[in-house]
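A.B. asks: Chains as they are written, first to last, in this note's numbering: chain P, 89 to 201; chain X, 176 to 287.
Calculated from the structure, these hints are not laboratory results. Hints are not guaranteed to be accurate.
No more than 30 angstroms apart at the CA atoms, straight line, and that leaves these computed lysine-lysine pairs for DSSO-like [stated by the list, open to error]: (1) 157/P to 188/P; (2) 188/P to 253/X; (3) 243/X to 188/P; (4) 137/P to 188/P; (5) 199/X to 253/X; (6) 137/P to 157/P; (7) 253/X to 243/X; (8) 137/P to 199/X; (9) 243/X to 199/X; (10) 188/P to 199/X.
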Amino acid sequence: AQSVTQLDSQVPVFEEAPVELRCNYSSSVSVYLFWYVQYPNQGLQLLLKYLSGSTLVESINGFEAEFNKSQTSFHLRKPSVHISDTAEYFCAVSFTGFQKLVFGTGTRLLVSP
Amino acid sequence: DAGVIQSPRHEVTEMGQEVTLRCKPISGHNSLFWYRQTMMRGLELLIYFNNNVPIDDSGMPEDRFSAKMPNASFSTLKIQPSEPRDSAVYFCACGGRGNEQFFGPGTRLTVL
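With the rest of the complex left out, here is chain P (with noise of 0.2 angstroms):
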């Protein structure tokens, strides 16, 4: 069965320092790897994305993940935060030709002054 796993429910950061929130998934197919952001009260919002081509991934915001099919990881990086990257992260996998996204649990990132 396919799943997702983010090892870390919750990552604490001080502000400008990097990060990277892991992302790892179990499939036998080809797959397309996404990563949604959810800030407080609002709904998810998709900050990157993997389909096919360069494996090194980047949003508008300074964030970046890179897929590595050996590994089958997604993790998402960035060399600085920001307090208002404060959110929680969602990882998601789907499997082409299917339109279903399986989600990870989540990891809360906490940036502090």
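Model the placement of chain X on the given structure of chain P, informed by the hints.
C.D. replies: Chain X only, in chain P's frame:
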């Protein structure tokens, strides 16, 4: 485009009452998903439609829940009768090309 529209944004009701949540997806997106989010269970897919047809309703918790999509621009999720354990945030999302989904702002349901 206004994005996915959900109404109401907040709903407070008493146990036993019928609750209807509404969703208007982004025009041209042919798949629609209903999710429920709680602290205990996280994000759960309840049901999804493709071209207005229900494809997978295996996540619908019980017969008290029903969902319809009478046309491409409107969907409802109904709970009848509602129970306190149904309290959650309910999200509607629609699917674009490349399998990404676009979420609405959610409806926060409280059943007393």
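A.B. asks: It remains to establish, for every hint, whether it holds in the given structure.
C.D. replies: Results for each hint:
no.: 1; hint: 157/P to 188/P; verdict: holds, 20 angstroms
no.: 2; hint: 188/P to 253/X; verdict: holds, 21 angstroms
no.: 3; hint: 243/X to 188/P; verdict: holds, 18 angstroms
no.: 4; hint: 137/P to 188/P; verdict: holds, 15 angstroms
no.: 5; hint: 199/X to 253/X; verdict: holds, 15 angstroms
no.: 6; hint: 137/P to 157/P; verdict: holds, 15 angstroms
no.: 7; hint: 253/X to 243/X; verdict: holds, 9 angstroms
no.: 8; hint: 137/P to 199/X; verdict: holds, 24 angstroms
no.: 9; hint: 243/X to 199/X; verdict: holds, 12 angstroms
no.: 10; hint: 188/P to 199/X; verdict: holds, 19 angstroms
Consistency with the previously given hints is maintained throughout, with no hint failing.
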